[in-house]
Amino acid sequence: MTSAWVAVAVVLAFILVAIAGSMLPQATATSTYALHQWQFEHGWVSWWAEPLGLFQAFSSWTFIAILTVLAVNLTSCTVDRTIRRARAARRGARFGVAFAGSLVLHAGLLVVLAGGVVTAGWRFDATVVATEGQTVDIGKGEVVRLALGPLADAGSTPPLSMALDRFRPVYEGGSPITLDSDLTVRGRGGEPRDVTVAVNRPIDVDGWRITQAGHGYSPAVVVVSPTGVVLLDAFIALESQRDGEEPTFSDRAGVPGMEGWLEFSVLPDLVFEGGRARSGSVEPRNPALLVTALAEDDSPVTEAVVVQLGSEAGVVGYNVVFSDLKYWSAFRVVRDPGRWVVNVGFMVCLIGLLLRYIPGYVGGWGRSETKGTL
Amino acid sequence: MRPVEAVFFWAAVALYVVAFAASVFGAVFRRRGVESAGFAFAVAAFASHTVAVILRWALAGHVPVGNRYELNLSGTWLAVLVLLGLGLAAPRVRLVVAGGLPPILLALGLGVTAWKVIAPLSPAYDSYWLIVHVVFAFLSFGCFVGSFSAATFYLIEDTGRRHRLSHRLPPLPELEEISYRLVVAGFILEAVMIATGAVWANDLWGSYWSWDPVETWSLVSFLVYAVYLHLRTFAGWRGRRSAAVAIVGLVFVFLSFWGVQWLVPTVHDVNQF
Chain A
44 MTSAWVAVAV VLAFILVAIA GSMLPQATAT STYALHQWQF EHGWVSWWAE PLGLFQAFSS
104 WTFIAILTVL AVNLTSCTVD RTIRRARAAR RGARFGVAFA GSLVLHAGLL VVLAGGVVTA
164 GWRFDATVVA TEGQTVDIGK GEVVRLALGP LADAGSTPPL SMALDRFRPV YEGGSPITLD
224 SDLTVRGRGG EPRDVTVAVN RPIDVDGWRI TQAGHGYSPA VVVVSPTGVV LLDAFIALES
284 QRDGEEPTFS DRAGVPGMEG WLEFSVLPDL VFEGGRARSG SVEPRNPALL VTALAEDDSP
344 VTEAVVVQLG SEAGVVGYNV VFSDLKYWSA FRVVRDPGRW VVNVGFMVCL IGLLLRYIPG
404 YVGGWGRSET KGTL
Chain B
6 MRPVEAVFFW AAVALYVVAF AASVFGAVFR RRGVESAGFA FAVAAFASHT VAVILRWALA
66 GHVPVGNRYE LNLSGTWLAV LVLLGLGLAA PRVRLVVAGG LPPILLALGL GVTAWKVIAP
126 LSPAYDSYWL IVHVVFAFLS FGCFVGSFSA ATFYLIEDTG RRHRLSHRLP PLPELEEISY
186 RLVVAGFILE AVMIATGAVW ANDLWGSYWS WDPVETWSLV SFLVYAVYLH LRTFAGWRGR
246 RSAAVAIVGL VFVFLSFWGV QWLVPTVHDV NQF
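Protein chains in written order, with my numbering: chain A, 44 to 417; chain B, 6 to 278.
Fair warning: there could be bad hints in the mix.
[Stated by the list, open to error] Simulated coverage check for chain B against chain A, where a stretch passes if three residues somewhere in it have a Cβ under 8 angstroms from a Cβ of chain A: (1) 119 to 133; (2) 191 to 203; (3) 210 to 218; (4) 221 to 234; (5) 256 to 270.
[Said to hold, decoys possible] Selected chain A positions facing chain B (in silico; Cβ < 10 angstroms): (6) Met-44; (7) Ala-47; (8) Leu-55; (9) Phe-57; (10) Ala-70; (11) Ser-74; (12) Ser-218; (13) Asp-225; (14) Val-228; (15) Gly-250; (16) Arg-252; (17) Cys-392; (18) Leu-397; (19) Gly-403.
It should be emphasised that the hints constitute simulated quantities derived from the structure, not laboratory data. Ideal Cβ placement from N, Cα and C applies to all residues, glycine included.
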């Protein structure tokens, strides 16, 4: 374990798993159906990747084993060489700045690894979505995604409620340049606090970090059956999807009593091109709702209508009213006790790197190093 | 790309090509004047490149890092700055500088084939951390390109017989040392790049590390150079083996900067907000 060859072998193994993890579809980021489909189509890959856990590469036993061996190797190499160097120093040899730098660097790497362990074990990470005017209470579990570290206290859900008062995008040339969410947050004390969360500008409330994580449109839709019964009357937070450079906003909704589905897409800036409706930008200059009727097997029914804001239209006998348009905003609410450990580790690593290599630079070009120093 | 930008961009590309050709031609055919002109062409290309960056900055109204074309334009400018700095500090290794131009041209080519339309800076990119992250990324790229070039010339030189380039290259130990020192510089700069990227990611996504493919490949390329340094220090890998690892290292850097995002979806490709 004190051999540098072990370190090289472990790092190479780490590289192989990391490459596999970045190239293979990961269970954490792919739907179960899509993952199984991929595995079926690439059976020869699944044959060896599945047992190694490479479809969840960064939480697989393979990866954890590699990191464990790496940590043990780093520790044993560092301790072993320090003892040997200290003995040599007692006999009059120099300890050396470069050697000290190497020790600091490897200690920093251990701190980064420790921070990663703390993050993986104790992290609380929730994603919440709110439409303008809506309040979500994380304490009551109103989250769309929750990732808890296995060692995190299950009862550690923050007593945090967030009301999205207003979402304020600023557009330039049809593209957003700022995305600010005005929130009223109630933390542990229950006192309301007005805050603004923006992209790259998270806020901290009672130790919980709130980050802007996405936005989209919530059209107010009313669907009336051919017999005049109101089947749906709600704001629908449409998923933001990417199709090339511009995002699109669409989702489908099941309408009670209707065979198949209705798919709603917001066209924020309605333009007609060659008789086809599309959005000229993501800025709501001329909002419209594209409603497409889908059969139960997802194939589009021939009928699709464009409904402009404040108007209504019929599709497969149903009347669709597009009465209002609001924004929804998504936030990540995170408590990560490992963050500071990793930051400290990074700083220690950088100091170690500079101590390790800068003295060699000062020595001038053409001076070779002695083989065997850490 | 506006016509005025295109003039300076393509002039820079043409001059980099001429600089490389003149340097190699001058060295092979022992025309000292042509070889010297090669470095002068590289400086002229850099001047034109500088104007192209400034024009883009002025036209876009923000630091040119908003899309892949702008990133490559500004990033390769930093990388060439490193190479020219090396050429000015050590005139004896100017052929190594010329040898770094083909990867720079490849990076410029990858940039110019990407989305080039001038657009406002996305909110995700409105962060000082981005500037720091990108500057360190491409300074490290410049160092790794220089190391790649020195390693390539090492392998050419170390064929056991004298050839036409021998008289214009430093001795083998010096070439090896240049490659090593550039790897060390690039390694430190890449470490800063990864650390600042993690700090930025924590503000942007609420998580300092997400195992996004680009993040992962940056770490992979960093680790490849860590292996290079360990093999050199502990196993005494010098010469051809060490040069081979330095060359492989740049392949990983190219894959992490440009390859991965064409192969798999990544949050580094487009703004997700």
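Hints and how they fare:
no. : hint       : in the structure
1   : 119 to 133 : holds (count 9)
2   : 191 to 203 : holds (count 6)
3   : 210 to 218 : holds (count 7)
4   : 221 to 234 : holds (count 8)
5   : 256 to 270 : holds (count 3)
6   : Met-44     : violated, 14 angstroms
7   : Ala-47     : holds, 4 angstroms
8   : Leu-55     : holds, 7 angstroms
9   : Phe-57     : holds, 7 angstroms
10  : Ala-70     : violated, 12 angstroms
11  : Ser-74     : violated, 14 angstroms
12  : Ser-218    : holds, 5 angstroms
13  : Asp-225    : violated, 16 angstroms
14  : Val-228    : violated, 16 angstroms
15  : Gly-250    : violated, 14 angstroms
16  : Arg-252    : holds, 6 angstroms
17  : Cys-392    : holds, 6 angstroms
18  : Leu-397    : holds, 7 angstroms
19  : Gly-403    : holds, 7 angstroms
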